[in-house]
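Line by line, the protein sequences give chains A and B.
For what it's worth, this note's numbering labels the leading residue of the first sequence as 1, then goes sequentially.
For what it's worth, this note's numbering labels the leading residue of the second sequence as 1001, then goes sequentially.
FYI, nobody ran anything at the bench for these hints, they're computed from the structure.
In this text, all values refer to a predicted model and were calculated from it rather than measured experimentally.
A hint or two may mislead.
Stated by the list, open to error - With a straight-line Cα cutoff of 25 Å, these simulated BS3-like cross-link-like pairs (lysine-lysine) come out: (1) A:K246 x B:K1034; (2) A:K240 x A:K381; (3) B:K1034 x A:K355; (4) A:K196 x B:K1012; (5) B:K1012 x A:K174; (6) A:K240 x B:K1034; (7) A:K240 x A:K346; (8) A:K225 x A:K377; (9) A:K137 x B:K1012; (10) B:K1012 x A:K164; (11) A:K353 x B:K1034; (12) A:K140 x B:K1034; (13) A:K137 x A:K240; (14) B:K1012 x A:K140; (15) A:K243 x B:K1034; (16) A:K346 x B:K1012.
Unchecked claim - Covered stretches of chain A (chain B as the covering partner; in silico rule of three or more C-beta atoms under 8 Å from a C-beta of chain B): (17) 119 to 129; (18) 148 to 154; (19) 172 to 179; (20) 252 to 265.
All residues carry an ideal CB built from backbone N, CA and C; glycine is no exception.
Residues per chain are reported as follows:
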Amino acid sequence: MEQFAQLFEGVLLFKWQYLIMYAIGGVLIYLAIKKDYEPMLLLPIGFGAILVNLPFKAIWEYEPVLDETVTKIVNQFPALKDYFIENLNYVFENGQAYKVEPGVLQILFNSGILTELFPCLIFVAVGAMIDFSPLLKTPKMILFGAAAQFGIFFTILVALIMNKIFPGLGFDLKVAASIGIIGAADGPTSIFVASKFAKHLIGPISVAAYSYMSLVPIIQPPVIKALTTRKERMIRMEYKDVKVSKIVLILFPIFITIIAGIIAPSSVALVGLLMFGNLIRECGVLERLSKSAQNELSNLVTLLLGITIGSTMHYESFLSPTTLIILLMGLVAFVFDTAGGVLLAKLMNLFSKEKINPMVGAAGISAFPMSARIVQKMATKEDPQNFILMHAVGANVAGQLGSIVAGGMVLALVPWLLSL
Amino acid sequence: MSDIALGLELMKYGLLGTFSVIVLFYLMITILMKIFPYRNEENDN
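Extracted from the complex, chain A is given alone in its bound form (with noise of 0.2 Å):
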């Protein structure tokens, strides 16, 4: 009876808890699949979510075993406990310690997220993808990019704000910073960020980085809409077409490294990488591996990430009212994204001859193409001969370098902070 019960024994140790989170897997692979939003992310993501969920969580961690000799070396020595379970995978019951062996999401989530490999791997791939030419035709543009990262630092502080109401959230400085760091509109800043501040958010932090990045078409619209007149959003805009010479092209990505390896040494991890991207892209002799940074790297570091991110979202961690809190400080760092963005043009236009349409300003978030597309399709309602779509996209991929430069005064101002 006993062995025929040891059979079974997943359906015994089964969890209502488990069948909420398949449903929240089941809805990220549902918007993946039927209505495109990130589906690269999105859906292994979600299938990590089941996998993760699943009894003895053995895609996880195996099964302990039980280890004599260490049990006997900690009675002898009980200040070596914690080394043991810090750094060594053991758990200790009754006395005994047992060896846990990380399984395969383990071993990725260790080596790829906790070292920041991933993120800064897809940080290659994403210089190669991007063309920053439309930037350097209109380097006014930059400057949305920085505007458009107020919603970070807005959202760092309606945490705190939220924990001083509700003390029991946890949100101290580092946790905010990461919550915050959603409004980065890039998926590989906030995992940076939060694996060196809330490695146990990871999981919802990613979710909604990415869960709001595939809605900025959502979001963005009505947030322009209540910041602009009709006006406004008929500005037009001209372009000069002017040619950027292949040196420009070639020493951007380097002099962008040295300046910000010099002023925000922290953020050197990601705009180093970046930039190592775009300069494989940009350099003319190094088209092989340009496509394969754009393609093959890409493709197997996004399919890793996302299924190790998904199995971060055991039940344990993420059905709690904090997943919905930050899920929720998401949405205020990407409305205040866009609201720093057009308020920023708004009042450029105040002090400048040639008015810019506010609604580029909300393309400075780094969710690119989508919001330099979003804006250009709400200037041609508005207007159906306005195209504004080229200083969109130089807004647009001047989110890419802010949110980077953003994350890493994150990284460098709280401990500095926290020191005071």
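Model the placement of chain B on the given structure of chain A, informed by the hints.
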């Protein structure tokens, strides 16, 4: 310092820092575009 005060400081320095770096990028782009303008020969090459 309270957490909210820290958040305000983070917002102040964070936005200031981000804008400073971005303005430096802007100046760099402007200078690069001035020093190395596009020449027609590039097309021929």
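Numbers of the earlier hints that this structure fails to satisfy, in rising order: Failing hints, ascending: 9 and 17.
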